[in-house]
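Heads up: the protein sequence lines correspond to chains A and B, in order. Residue numbers for the first sequence, in my numbering: 64 to 262. Residue numbers for the second sequence, in my numbering: 64 to 262.
Careful: at least some of the hints might be erroneous.
Copies of the same chain look alike in the list, so a pair counts if it works inside one copy or between any two.
[Claimed, not checked] List time: in silico SDA-like cross-link candidates among lysine to any residue, alpha-carbon distance up to 25 Å:
no.: 1; residue 1: Lys-111; residue 2: Pro-78
no.: 2; residue 1: Lys-65; residue 2: Asp-101
no.: 3; residue 1: Lys-185; residue 2: Gly-169
no.: 4; residue 1: Lys-65; residue 2: His-168
Source of the hints: derived by calculation from the structure; they are not laboratory data.
There are 2 protein chains.
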Amino acid sequence: MKSLQKLTASLKRLPGIGPKQAERLAIFLLRSPQFETDNLIAALREAKAAIHLCRQCFDFTDREVCRFCADPARDRAVLCIVEEPQDVTAIERSGGFKGLYHVLHGSLSPLDGIGPEALRIKELSDRIKSSATPIAEVILATDPDTEGEATALYLAEQLKAFAGLRTTRIAHGVPLGGDLDYIDERTLSHALAGRRAFS
Amino acid sequence: MKSLQKLTASLKRLPGIGPKQAERLAIFLLRSPQFETDNLIAALREAKAAIHLCRQCFDFTDREVCRFCADPARDRAVLCIVEEPQDVTAIERSGGFKGLYHVLHGSLSPLDGIGPEALRIKELSDRIKSSATPIAEVILATDPDTEGEATALYLAEQLKAFAGLRTTRIAHGVPLGGDLDYIDERTLSHALAGRRAFS
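Chain A on its own, in the form it takes in the complex (with noise of 0.2 Å):
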């Protein structure tokens, strides 16, 4: 059934998904009545009909600029630097900031080929130096892998060139709730290096 093969094959090419996954997805599919597998080809046309960059920090937005850069009771002075759009979602949903997001799309990865011109790097830059609001800190808030580190490292250095601009990184250390005994020696060390006055 080469129709059948060539769905598994399409489903296969998504993230996270392997032959296993593929095949039982695609049967769950087949035998899904028809208006089930109709709204779902319409809500991805729908969604990428819809869905573009913000001009301003290249989140995902149906807008022209996101709900964030468009928001006046954020902290325009305050860039909080991230590799992808579910950050964005992951850092309003702690609550902890209030300030504006750049979007990179990704990190750097020599191996991988992906430099420096593959991210929104030069856009920050940009935006930094149009920003109406003068930037008094930037965020850096990569993932806290080798990508991650290397990408907030090579940012810091670009981002010396802004006299009077703050670049901070986002704290490593003992996620709360985690047990000490099974937390890695790499995080225990920068939980420790990082530690502060008790208050």
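Assemble the complex: chain A is given as a structure, and chain B must be docked to it using the hints.
For chain B alone, coordinates are given in the frame of chain A:
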């Protein structure tokens, strides 16, 4: 962004896709080039249109009868009963079976309201009754879980109505390459009870 939420919600309805992976998939699809998502939509549409159930064994097929039922080289006197079309693929991969299949499309699960009438059991009886080649053996290859065992038991009971029909169950035991230490006691007791003379 309502359209992104709608797409994520649609993806979350797929089996084995949690809220986190649905979000990842939605963002991957938004980011994919248009032709990639068009290909996925076309593959889904095509498969939905082309594939239906074999009118004899209820496996998926894009012809009137499936390739197994249509193959004159297969042994028409032996039927292997499975729960799902994926099980047919798995048994074919094993190369251990040359008869025909009968796909139930589920297993008995009274708690979920799935009784015999929801499965292709009536069709199995009709098929045995009206088969041009008399059916000599029915192999019950339902899953080795509670529902699968209950289904096998139910079928074995029903099939007693056919005099001269042999009903068998696939062997339960230690999987090849398995480590005795790591195998649950029920499997092990099945493996012991089902022991055979060393040949």
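Index of numbered hints that the structure contradicts, given in increasing order: Of the numbered hints, all hold.
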